[in-house]
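Engineer: The listed protein sequences derive, respectively, from chains G and E.
The first sequence stops at residue 361 when you use my numbering, and every number in between is there.
The second sequence stops at residue 361 when you use my numbering, and every number in between is there.
Source of the hints: derived by calculation from the structure; they are not laboratory data.
Possibly wrong hints are sitting among the right ones.
Note that the list lumps identical chains together, so a pair holds whenever it fits in one copy or between two copies.
[Unchecked claim] Here are the simulated lysine-lysine pairs, DSS-like style, with alpha carbons at most 25 Å apart:
(1) Lys234 / Lys286
(2) Lys352 / Lys286
(3) Lys352 / Lys234
(4) Lys314 / Lys83
Treat the numbers as computed from the prediction; the structure is a model and nothing was measured.
Number of protein chains: 2
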Amino acid sequence: MRLCGVAMQPLRPVLFHPDVPEIAFIEQTLLPGTLETRSARTIQELADAIRRLGIRGAPALGCAGACGIALSALITRESDLTKFISAVRHDADLLRSTRPTAVNLFYGIDRVMAVVESAGSVKDAQVRAVREAEAVVDSDRQTCHAIGNHGLQIVPHGARILTHCNAGALACGEWGTALGVVRSAHEAGRDIRVYACETRPLLQGARLTSWELERDGIDVTLITDSMAAVLMRKGEIDLVIVGADRVVSDAVFNKIGTYMHAVCAHAHQIPFYIAAPFSTFDEDAKEEMVPIEERAGDEIRMIQNCSIAPRDIKVWNPAFDATPMNLVTGIITEHGIFRLPRDIDLIKEKKKSSGREGFPA
Amino acid sequence: MRLCGVAMQPLRPVLFHPDVPEIAFIEQTLLPGTLETRSARTIQELADAIRRLGIRGAPALGCAGACGIALSALITRESDLTKFISAVRHDADLLRSTRPTAVNLFYGIDRVMAVVESAGSVKDAQVRAVREAEAVVDSDRQTCHAIGNHGLQIVPHGARILTHCNAGALACGEWGTALGVVRSAHEAGRDIRVYACETRPLLQGARLTSWELERDGIDVTLITDSMAAVLMRKGEIDLVIVGADRVVSDAVFNKIGTYMHAVCAHAHQIPFYIAAPFSTFDEDAKEEMVPIEERAGDEIRMIQNCSIAPRDIKVWNPAFDATPMNLVTGIITEHGIFRLPRDIDLIKEKKKSSGREGFPA
Numbered sequence: 001m002r003l004c005g006v007a008m009q010p011l012r013p014v015l016f017h018p019d020v021p022e023i024a025f026i027e028q029t030l031l032p033g034t035l036e037t038r039s040a041r042t043i044q045e046l047a048d049a050i051r052r053l054g055i056r057g058a059p060a061l062g063c064a065g066a067c068g069i070a071l072s073a074l075i076t077r078e079s080d081l082t083k084f085i086s087a088v089r090h091d092a093d094l095l096r097s098t099r100p101t102a103v104n105l106f107y108g109i110d111r112v113m114a115v116v117e118s119a120g121s122v123k124d125a126q127v128r129a130v131r132e133a134e135a136v137v138d139s140d141r142q143t144c145h146a147i148g149n150h151g152l153q154i155v156p157h158g159a160r161i162l163t164h165c166n167a168g169a170l171a172c173g174e175w176g177t178a179l180g181v182v183r184s185a186h187e188a189g190r191d192i193r194v195y196a197c198e199t200r201p202l203l204q205g206a207r208l209t210s211w212e213l214e215r216d217g218i219d220v221t222l223i224t225d226s227m228a229a230v231l232m233r234k235g236e237i238d239l240v241i242v243g244a245d246r247v248v249s250d251a252v253f254n255k256i257g258t259y260m261h262a263v264c265a266h267a268h269q270i271p272f273y274i275a276a277p278f279s280t281f282d283e284d285a286k287e288e289m290v291p292i293e294e295r296a297g298d299e300i301r302m303i304q305n306c307s308i309a310p311r312d313i314k315v316w317n318p319a320f321d322a323t324p325m326n327l328v329t330g331i332i333t334e335h336g337i338f339r340l341p342r343d344i345d346l347i348k349e350k351k352k353s354s355g356r357e358g359f360p361a
Numbered sequence: 001m002r003l004c005g006v007a008m009q010p011l012r013p014v015l016f017h018p019d020v021p022e023i024a025f026i027e028q029t030l031l032p033g034t035l036e037t038r039s040a041r042t043i044q045e046l047a048d049a050i051r052r053l054g055i056r057g058a059p060a061l062g063c064a065g066a067c068g069i070a071l072s073a074l075i076t077r078e079s080d081l082t083k084f085i086s087a088v089r090h091d092a093d094l095l096r097s098t099r100p101t102a103v104n105l106f107y108g109i110d111r112v113m114a115v116v117e118s119a120g121s122v123k124d125a126q127v128r129a130v131r132e133a134e135a136v137v138d139s140d141r142q143t144c145h146a147i148g149n150h151g152l153q154i155v156p157h158g159a160r161i162l163t164h165c166n167a168g169a170l171a172c173g174e175w176g177t178a179l180g181v182v183r184s185a186h187e188a189g190r191d192i193r194v195y196a197c198e199t200r201p202l203l204q205g206a207r208l209t210s211w212e213l214e215r216d217g218i219d220v221t222l223i224t225d226s227m228a229a230v231l232m233r234k235g236e237i238d239l240v241i242v243g244a245d246r247v248v249s250d251a252v253f254n255k256i257g258t259y260m261h262a263v264c265a266h267a268h269q270i271p272f273y274i275a276a277p278f279s280t281f282d283e284d285a286k287e288e289m290v291p292i293e294e295r296a297g298d299e300i301r302m303i304q305n306c307s308i309a310p311r312d313i314k315v316w317n318p319a320f321d322a323t324p325m326n327l328v329t330g331i332i333t334e335h336g337i338f339r340l341p342r343d344i345d346l347i348k349e350k351k352k353s354s355g356r357e358g359f360p361a
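In isolation and in its complexed conformation, chain G is listed as follows (with noise of 0.2 Å):
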């Protein structure tokens, strides 16, 4: 399906369609050139887009991996409802399996596969796991909303922000995280102007970023990684907001090149945020516990088809790195602006007052 690209028409890059029932996603491997949605009817179908990054960004993940399980819950045949919660679950560890770094994907599966593994019998586990699909998508758009609004108060007039990769309405429900805190400011009049890091090697802020801030009418510069630097030494960038992967006790993961940004707005003495849900909180760990995902070699050697570099030279291909707490000034959520590890206990406390205690490991 084709869809139009009216500006201001929120970007939903996931929709679940329990009727029919499928996974609607935007196809994010196709911009900026083409629009276009894609549906996942199997898990294999959704694992697959999650995989080569149709659906990407920490909470797009989760969402895809909340509707994932509901997905599962209606179209698995099995009336014994223990046979039914085994083959659910079989679908959740298979969902899991797709991207180890961000913690939402785990998070949405894991909120939805409470509620199945709770149910009375197959027919109210599937009601229910539809139910709690549908809030974990709909508090994800409220989500992004208060983080925008909370990161109001970092955000001064004629701000120029730097951005890396996407954690933007393709990223989330509809307003982004990081994008979020930029589309709030941008609302509120506060005549902001972007620098999106292209983001290398997927290049997330060249199509992604770029085009969906530009579709708002956001004054948006695109720039290579290795630029943003340079235009912090030219007194040139006044705050730093990315997204995070993953937020744990003493560092946040997220897209690489977040590290080496960190360590300049750091050198620079530029403030440097993290916009990020408390459904990336992973507070309990540590970086050390926490896997890095090395993706494929090619995806460094060509740019779509193009090869750029000899076909068989060695690469390294990290997808996110690790930047320690030390180098991040804020971490913007939904219940404001917090610190780690100052404020650890005051989070542990706002995530079980919130309903969200006993955080899935």
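Based on these hints, arrange chain E on the given structure of chain G.
Structural biologist: Same frame as chain G, now just chain E:
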């Protein structure tokens, strides 16, 4: 002409054939897929080759500039000496206009222009111009080997070296400056490993550095520019060596991205070296006096013929950046390793004694 890709055959990016007359050069935009030479028989053809980076790299531009003036002297049909010199000067201006930042180009042009201007006859000017251009090319080769030898003192056994862009054989006579040090260390059995940053936007690291090191059997791993800081944090980088396009008293101009690596190296207490011949030095100048070339936006929006961003997205595309001297551990030259501003008098003296006083502005 298609060249034979026999390993270890020296790569000579610029060759002057006064008998034709023509300048043969490796068409670097076709690498690594195709190793071919092209030839320039007019100054316009040579200027085009330089502008589109068919010939690139600071020392190679010096050779191209020198050979260009000799070519101009040979093809200028003018028997009156004054008019002859004026015509060659016109060609010199055309060549100078191609790239504003790399000083070696001006150096090569000015060295040969000086002998043309002091000649007693057109014939004399032609003979002396050819001899001087050949001397520039020959001395560039010797210079690179001398840089490599001096560099040995800062490369420990087993060193893991990070480099950016291509300061290799393709950028110079045949050995390289930064990669000259790498080659000399390899030849000396130091068991080194190289991390080559791909160097967006024009990918000289992916296309040229990884190709020429692999061709010479040197252990090389290709990474995106944004991964270097992560390797530094993991303790995987022992030193950084890059080339330079211009060395002034307070800064080094080199390929965009160099500054970011220097900031990160400093933050991780990793030595950061420049390898550059004296012809790159413009030690009486200051950073603020040097123009930085900004290149076409499509270099960022497209890779080869693939569009990777919205077609009309605003971009900023400086070809170079400036690294302040406080981030530079040392500058490896053909006369030893220097620091600026500390060694400025010593450098001036060495220049004088090696017959390069009166460096052209």
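Engineer: Next, verify each hint and record whether it holds.
Structural biologist: Now for the hints, and whether the structure bears them out:
Taking the shortest Cα distances, Lys234 and Lys286 sit within 25 Å of each other only across copies (16 Å), while inside one copy they are farther apart (35 Å). For a Cα distance limit of 25 Å, the shortest separation of Lys352 from Lys286 inside one copy, 20 Å, qualifies, whereas the shortest one across copies, 59 Å, does not. In this assembly of identical chains, Lys352 and Lys234 lie within 25 Å of each other by CA distance neither inside one copy nor across copies; the values are 44 Å within and 36 Å between. With identical chains, the CA atoms of Lys314 and Lys83 are never at most 25 Å apart, being 46 Å at best within one copy and 56 Å at best between copies.
When each numbered hint is compared with the structure, violations occur for hints 3 and 4.
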